[in-house]
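> Below, each chain spelled out in residue letters.
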Amino acid sequence: MNLTFADLGTGALRAALPLAIWGVGAAAYAAAKRDGRALASARWSALITLLLVVLAALAMVGALVTHDFSVAYVARNNALETPLFFTVISLWAALEGSILLWTAILAGAAAYVAWRGTPALPRLATTALAILFAMLAFFLMLVTTPAADPFVRSEIVPLNGNGPNPLLQNHPLMALHPPLLYLGYVLFSVPFAYAIASLILGEGGDRWLVATRRFALVSWGLLGVGIVAGSWWSYAVLGWGGYWAWDPVENAAIMPWLVATAYLHSVMVEEKRRLLRSWNLSLVIATFALTILGTFLTRSGVVNSVHAFTQSAIGPLLLGYLVAIVVLSVGLLLWRMPMLRDAGTVGAPLSREAIFLFQNVVFVAATLTVLLGTLYPLIAEAISGDQLSIGRPYFDRVEVPLALALLFLMGIGPQLPWHGASRATLERQFTAPIVAAAGGALLAVATGLGGAFAVLTYALAAFVAATVVQEFARGIRARRTLHGESASTAFANLLRRSGRRYGGYVVHLGIVLVAVAVATSQSKTVEVERTVRAGEHFDVAGYTVAFGGLRNVSEPQRDLLVADLAITGNGADLHLRPSLVFFPNATQAVGSPGISAGLRDDVYTILAAYDTTGSSWATIRILVIPLVSWLWLGGAVVGLGAVIAALPQPRRREVTHPLVEAPATVGD
Amino acid sequence: MGARRVLLIAVLAAAVLIGFVAVQNLASSAVYYLTPTEARDRHIAAGTAARLGGQVEAGSLRYDPQTRDLRFTLTDGTARVTVIGTGAPPSLLREGAGAVVEGSFASDGTFRATQVIAKHDEQYAPPSPGATPSHQTP
Numbered sequence: 001m002n003l004t005f006a007d008l009g010t011g012a013l014r015a016a017l018p019l020a021i022w023g024v025g026a027a028a029y030a031a032a033k034r035d036g037r038a039l040a041s042a043r044w045s046a047l048i049t050l051l052l053v054v055l056a057a058l059a060m061v062g063a064l065v066t067h068d069f070s071v072a073y074v075a076r077n078n079a080l081e082t083p084l085f086f087t088v089i090s091l092w093a094a095l096e097g098s099i100l101l102w103t104a105i106l107a108g109a110a111a112y113v114a115w116r117g118t119p120a121l122p123r124l125a126t127t128a129l130a131i132l133f134a135m136l137a138f139f140l141m142l143v144t145t146p147a148a149d150p151f152v153r154s155e156i157v158p159l160n161g162n163g164p165n166p167l168l169q170n171h172p173l174m175a176l177h178p179p180l181l182y183l184g185y186v187l188f189s190v191p192f193a194y195a196i197a198s199l200i201l202g203e204g205g206d207r208w209l210v211a212t213r214r215f216a217l218v219s220w221g222l223l224g225v226g227i228v229a230g231s232w233w234s235y236a237v238l239g240w241g242g243y244w245a246w247d248p249v250e251n252a253a254i255m256p257w258l259v260a261t262a263y264l265h266s267v268m269v270e271e272k273r274r275l276l277r278s279w280n281l282s283l284v285i286a287t288f289a290l291t292i293l294g295t296f297l298t299r300s301g302v303v304n305s306v307h308a309f310t311q312s313a314i315g316p317l318l319l320g321y322l323v324a325i326v327v328l329s330v331g332l333l334l335w336r337m338p339m340l341r342d343a344g345t346v347g348a349p350l351s352r353e354a355i356f357l358f359q360n361v362v363f364v365a366a367t368l369t370v371l372l373g374t375l376y377p378l379i380a381e382a383i384s385g386d387q388l389s390i391g392r393p394y395f396d397r398v399e400v401p402l403a404l405a406l407l408f409l410m411g412i413g414p415q416l417p418w419h420g421a422s423r424a425t426l427e428r429q430f431t432a433p434i435v436a437a438a439g440g441a442l443l444a445v446a447t448g449l450g451g452a453f454a455v456l457t458y459a460l461a462a463f464v465a466a467t468v469v470q471e472f473a474r475g476i477r478a479r480r481t482l483h484g485e486s487a488s489t490a491f492a493n494l495l496r497r498s499g500r501r502y503g504g505y506v507v508h509l510g511i512v513l514v515a516v517a518v519a520t521s522q523s524k525t526v527e528v529e530r531t532v533r534a535g536e537h538f539d540v541a542g543y544t545v546a547f548g549g550l551r552n553v554s555e556p557q558r559d560l561l562v563a564d565l566a567i568t569g570n571g572a573d574l575h576l577r578p579s580l581v582f583f584p585n586a587t588q589a590v591g592s593p594g595i596s597a598g599l600r601d602d603v604y605t606i607l608a609a610y611d612t613t614g615s616s617w618a619t620i621r622i623l624v625i626p627l628v629s630w631l632w633l634g635g636a637v638v639g640l641g642a643v644i645a646a647l648p649q650p651r652r653r654e655v656t657h658p659l660v661e662a663p664a665t666v667g668d
Numbered sequence: 001m002g003a004r005r006v007l008l009i010a011v012l013a014a015a016v017l018i019g020f021v022a023v024q025n026l027a028s029s030a031v032y033y034l035t036p037t038e039a040r041d042r043h044i045a046a047g048t049a050a051r052l053g054g055q056v057e058a059g060s061l062r063y064d065p066q067t068r069d070l071r072f073t074l075t076d077g078t079a080r081v082t083v084i085g086t087g088a089p090p091s092l093l094r095e096g097a098g099a100v101v102e103g104s105f106a107s108d109g110t111f112r113a114t115q116v117i118a119k120h121d122e123q124y125a126p127p128s129p130g131a132t133p134s135h136q137t138p
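Chains U and V, in that order, are what the protein sequence lines are. Quick note on our numbering: the first sequence kicks off at 1 and runs consecutively. Quick note on our numbering: the second sequence kicks off at 1 and runs consecutively.
It is possible that some hints are incorrect.
[Claimed, not checked] Label-pair restraints from in silico Cβ distances:
| id | chain 1 | residue 1 | chain 2 | residue 2 | range |
| --- | --- | --- | --- | --- | --- |
| 1 | U | Val553 | V | Ala15 | 55 to 65 Å |
| 2 | U | Asp611 | V | Gln24 | 41 to 51 Å |
| 3 | V | Gly77 | U | Pro584 | 41 to 51 Å |
| 4 | U | Val152 | V | Gly96 | 27 to 37 Å |
| 5 | V | Asp108 | U | Glu527 | 38 to 48 Å |
| 6 | U | Val88 | V | Gly96 | 44 to 54 Å |
| 7 | U | Ser384 | V | Ala14 | 27 to 37 Å |
[What the hints assert, rightly or not] Partial chain V-side listing against chain U, Cβ under 7 Å, derived:
| id | residue |
| --- | --- |
| 8 | Arg5 |
| 9 | Val6 |
| 10 | Ile18 |
| 11 | Leu26 |
| 12 | Ala27 |
| 13 | Ser29 |
| 14 | Ala45 |
| 15 | Gly47 |
Honestly, the hints are just simulated from the structure, not real lab data. This one's a predicted model, so the numbers in the text were calculated from it and none came from an experiment. The C-beta atom is built at its ideal place from N, Cα and C for all residues, glycine as well.
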């Protein structure tokens with residue numbers, strides 16, 4: 001009998017499950033009894049589990065690449081003519097594959113904690129390892145039961161598969177967006193596991209937080225970049241000229257990111273002032289619970305959206321998991337609350353910690369209002385039986401003011417000292433930014449930006465940008481005076497030696513870019529729809545669009561109906577080809593927009609309708625969207641800032657880790 | 001102590017204000033989401049914002065490229081509603097396939113759509129007759 005990739009994958013997953021369960025017990029025992037042999041056993045279990053799950057994921061890739069349609073997942077998500085690239089990334093094209101990927105990342109996190117447990121392994125990290133093993137066991141249970149078994153065999157083996165969803169195989173960004181989101185989601189398990197371990201052990205201190213802040217930062221950065229990549233994909237593939245629709249699943253991704261952002265800031269208050277301990281634990285628990293909620297909403301079919309592709313048995317299981325996590329975490333938190341005393345009180349309203357507190361309140365409010373809007377239709381239907389829908393207007397009206405408030409707080413927070421600011425400090429810190437804000441408002445008015453919100457966004461963006469420039473300028477000046485460095489060396493050293501602080505400022509700059517891009521593109525997009533015959537042309541926003549006619553293009557895996565557009569004006573000379581794409585196994589055509597991206601504006605063209613009888617006319621929709629590219633750029637800058645902040649900094653003094661546990665009976 | 005109290009009051013006031021704004025907006029932007037049968041049975045008043053989900057009836061789709069008038073019938077197998085919109089239909093909109101329209105009923109019983117959204121399911125095929133409507137990113 002031949003051993004197939006599917007047999008290999010099934011076997012690996014079934015072998016991994018008992019190993020992970022063993023790991024829970026071994027790690028818990030090692031933590032409780034400080035038993036070195038149990039710890040060694042847990043470590044090897046983590047490593048072997050990781051190898052087995054990676055093997056299973058590779059086996060799935062193998063089954064996809066060899067087009068083994070006896071595997072139901074392969075038959076549903078792959079076809080003989082699917083290009084190799086999209087065949088490989090079909091690993092995460094649908095439910096079972098993405099749960100498998102999720103499991104593999106979680107196994108990686110567990111193995112990392114087991115072998116590199118920061119900074120020394122015993123007790124805290126070992127308890128966290130037991131928790132990670134428990135989560136891993138849950139996901140291995142999912143992929144070895146029919147709920148999400150990726151290797152279920154087809155009853156009848158088809159000669160060819162369905163191929164991936166056309167929307168998913170239409171753009172290479174699909175290779176980037178889901179794994180980034182999963183990495184962001186799953187890596188947050190590590191701070192969560194440490195937080196829970198700290199509660200179980202009753203440590204009450206900040207050790208869990210110090211040990212995992214880099215993990216939190218990295219997963220936050222990946223999640224943020226993943227969200228921006230998702231907006232980009234939506235913009236480039238869905239053909240509606242937009243990038244954010246407050247779709248339930250977009251909301252599911254933004255909510256944990258918002259809470260994690262609040263957490264990354266309030267962590268600083270705990271580190272510097274030993275305040276907000278129980279608050280930080282609550283934020284970590286909330287972030288983690290929201291990542292599971294997001295998966296539940298996406299994968300249960302409970303909320304309808306473009307992403308909510310599946311209605312499967314996995315929904316109730318994920319809901320049970322979510323409820324268990326929330327009940328256990330909140331119970332633990334309440335039980336340990338008396339130990340989580342703060343070391344003092346928050347200072348004056350104009351102190352850095354007070355602004356962080358305000359900022360945290362706004363972030364949590366933004367999350368809760370998004371959650372409310374997302375779940376309201378469910379609640380309303382449960383109570384009154386009416387099917388309702390909450391659209392963009394709600395989210396825009398509520399979230400835009402909150403976002404502006406956050407932009408404002410982002411400008412003033414870093415400019416205020418801890419404990420409180422004097423009048424002289426306020427004048428020194430805010431003169432230049434206030435002048436810049438006035439300049440920003442003037443710029444918005446001069447460029448004809450409509451609406452108070454857009455003008456306010458420009459003013460606040462300039463305000464924040466000025467504070468960042470001011471901070472860098474001061475830092476560079478200080479280094480030049482102290483160390484006699486050149487300006488560029490001083491700049492590099494700021495980023496290298498004080499990466500956490502200055503990386504944070506780089507993140508702020510990225511957010512400024514995003515804010516400017518959103519405000520400008522939302523208020524100044526020009527949209528025109530025209531029906532034209534070959535040879536005709538029309539004008540839009542300074543561009544002249546000439547329609548050259550329709551033609552058919554055949555590719556191995558698809559057929560295209562392409563509209564040839566020649567676009568001139570504003571110094572551009574473009575050829576765009578918006579098209580309709582027909583996949584052999586799909587009943588409907590997919591519109592594929594023709595986009596010319598630029599720093600000044602994007603020209604976005606859609607083949608909206610055409611003459612099905614003689615191809616004599618076509619309806620072309622054109623959007624000229626200013627500064628939309630700055631949104632992706634801003635996302636990249638946020639990611640860059642996160643990398644700078646997360647990079648290990650050269651040690652200056654040996655007092656930064658006063659909390660490393662003394663070596664116990666369990667050695668490294 | 002005074003500073004702490006000022007801060008606490010400010011935080012609470014902010015939270016209450018945000019909550020108030022959210023609930024206000026929630027009530028005003030909730031839109032009925034109906035099938036044609038439900039719309040008929042409930043006598044939705046003309047001008048009330050609504051979302052309507054159903055299937056585009058075979059043979060009913062008309063689009064005039066010159067006037068940009070779009071017209072089709074949405075059905076759930078029991079009741080039928082004439083939908084009138086402006087502009088080319090989305091590329092996914094086909095006869096027999098699912099669609100969601102946003103807008104409101106006119107006094108003559110037709111539905112004036114401000115937005116037409118085609119819908120598809122995971123297998124990228126039209127939904128089966130009688131399937132409940134579902135949202136989709138436009």
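> All hints are to be evaluated individually against the structure, with a verdict given for each.
Against the structure, the hints:
1. Between Val553/U and Ala15/V the CB atoms are about 57 Å apart, so this pair conforms to the stated range of 55 to 65 Å.
2. Roughly 48 Å separates the CB atoms of Asp611/U and Gln24/V, a value that falls within the hinted 41 to 51 Å.
3. For the pair Gly77/V and Pro584/U, the supplied restraint of 41 to 51 Å is violated, since their beta-carbon distance comes to about 30 Å.
4. About 31 Å separates the C-beta atoms of Val152/U and Gly96/V, a value consistent with the hinted range of 27 to 37 Å.
5. The beta-carbon spacing between Asp108/V and Glu527/U, approximately 29 Å, falls outside the hinted interval of 38 to 48 Å.
6. A beta carbon spacing of about 34 Å between Val88/U and Gly96/V contradicts the range 44 to 54 Å that was offered as a hint.
7. Checking the proposed 27 to 37 Å range against Ser384/U and Ala14/V shows it holds: the Cβ atoms sit about 31 Å from each other.
8. Taking 7 Å as the C-beta cut-off, the interface hint given for Arg5/V is violated, the closest approach to chain U being about 10 Å.
9. With a least beta-carbon distance of about 6 Å to chain U, the hint placing Val6/V at the interface is held under the 7 Å criterion.
10. Checking Ile18/V against chain U by beta carbon gives a least distance of about 4 Å; that is within 7 Å, so the hint holds.
11. Nearest Cβ of chain U to the Cβ of Leu26/V: about 6 Å, under the 7 Å cut. The hint holds.
12. Because the smallest distance between the Cβ of Ala27/V and any Cβ of chain U comes to about 9 Å, over 7 Å, the interface hint for this residue is violated.
13. With a least beta-carbon distance of about 4 Å to chain U, the hint placing Ser29/V at the interface is held under the 7 Å criterion.
14. For Ala45/V, the interface hint is violated, the least distance from its beta-carbon to any beta-carbon of chain U being 15 Å, above 7 Å.
15. Given the 7 Å rule on beta carbons, the hint for Gly47/V is violated: about 17 Å separates it from the nearest Cβ of chain U.
In this structure, the earlier hints numbered 3, 5, 6, 8, 12, 14 and 15 are contradicted, and the remaining ones agree with it.
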